[in-house]
Structures are given as C-alpha cells and as structure tokens.
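Numbering of the sequence shown is given in the numbering used here, commencing with residue 1461 and proceeding in unit increments.
Quick caveat, the hints were computed from the structure, so don't treat them as lab data. Just so you know, not all the hints are guaranteed correct.
What the hints assert, rightly or not - If you anchor each label on the Cβ, the simulated ranges turn out as follows:
1) Tyr1479 x Trp1510: 16 to 24 Å
2) Gly1509 x Asp1483: 12 to 20 Å
3) Leu1470 x Ile1507: 17 to 25 Å
4) Thr1482 x Gln1506: 29 to 37 Å
5) Thr1468 x Leu1498: 26 to 34 Å
6) His1489 x Thr1468: 12 to 20 Å
7) Ala1500 x Leu1463: 16 to 24 Å
8) Lys1492 x Ile1469: 31 to 39 Å
9) Phe1467 x Ala1493: 12 to 20 Å
10) Thr1482 x Pro1508: 16 to 24 Å
11) Arg1497 x Thr1468: 30 to 38 Å
12) Thr1485 x Gly1509: 26 to 34 Å
Since this is a predicted model, take the numbers as computed values, not measurements. The C-beta atom is built at its ideal place from N, Cα and C for all residues, glycine as well.
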Amino acid sequence: MWLTRRFTILSFPAIARLYNRTDHTTVMHACKAHEKRLEAGETFPQIPGWEV
C-alpha cells in the first residue's frame, strides 16, 4: 500500500478499492506505520530495479 501511495497519485480511497478494502483508513494506517518504521531506521528487502 505504501508503494502504491508513494509511486502513484491515487487517493487513499482509490488505493483501498485497489486492494479490495472497504475503508480508506486501513490504507492510511498502513502508510503511517510504514513511515514510522522508515524513520526508526528499519530496513526492508530491496526490489531489483526499484529506487525508493
């Protein structure tokens, strides 16, 4: 969800529909949680060919 938000112009409700979720706040929570993990210095597996 975070990658979708980061690399598209889709709104939270549009992303929720894309992932078959009924509530956009699920997307908001996922993005906020991911941002907190990034700020804390947590690393994530790299996707070949992607620059974040």
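Here's how the hints hold up against the structure:
Between Tyr1479 and Trp1510, the C-beta spacing of about 19 Å keeps the proposed range 16 to 24 Å intact. Taking 12 to 20 Å as the suggested C-beta distance range, the pair Gly1509 and Asp1483 does not conform, at roughly 32 Å. Hint check: Leu1470 to Ile1507, Cβ distance near 19 Å, so the stated range 17 to 25 Å holds. Hint check: Thr1482 to Gln1506, Cβ distance near 32 Å, so the stated range 29 to 37 Å holds.
With their beta carbons about 18 Å apart, Thr1468 and Leu1498 fall outside the hinted range of 26 to 34 Å. Between His1489 and Thr1468 the beta carbon distance is about 18 Å. The supplied range of 12 to 20 Å therefore holds. With their beta carbons about 18 Å apart, Ala1500 and Leu1463 fall inside the hinted range of 16 to 24 Å. Distance hint check: the CB atoms of Lys1492 and Ile1469 are about 19 Å apart, inconsistent with the given range 31 to 39 Å.
In this structure the supplied range 12 to 20 Å holds for Phe1467 paired with Ala1493, their Cβ-Cβ distance being about 18 Å. As the Cβ distance of Thr1482 to Pro1508 is approximately 33 Å, the hint placing it in 16 to 24 Å is violated. Range check, Arg1497 to Thr1468: about 20 Å between beta-carbon atoms, so the 30 to 38 Å window is missed. At about 32 Å, the beta-carbon gap between Thr1485 and Gly1509 stays in the expected band of 26 to 34 Å.
Figure legend: structure checked against the earlier numbered hints; hints not met, in rising order: 2, 5, 8, 10 and 11.
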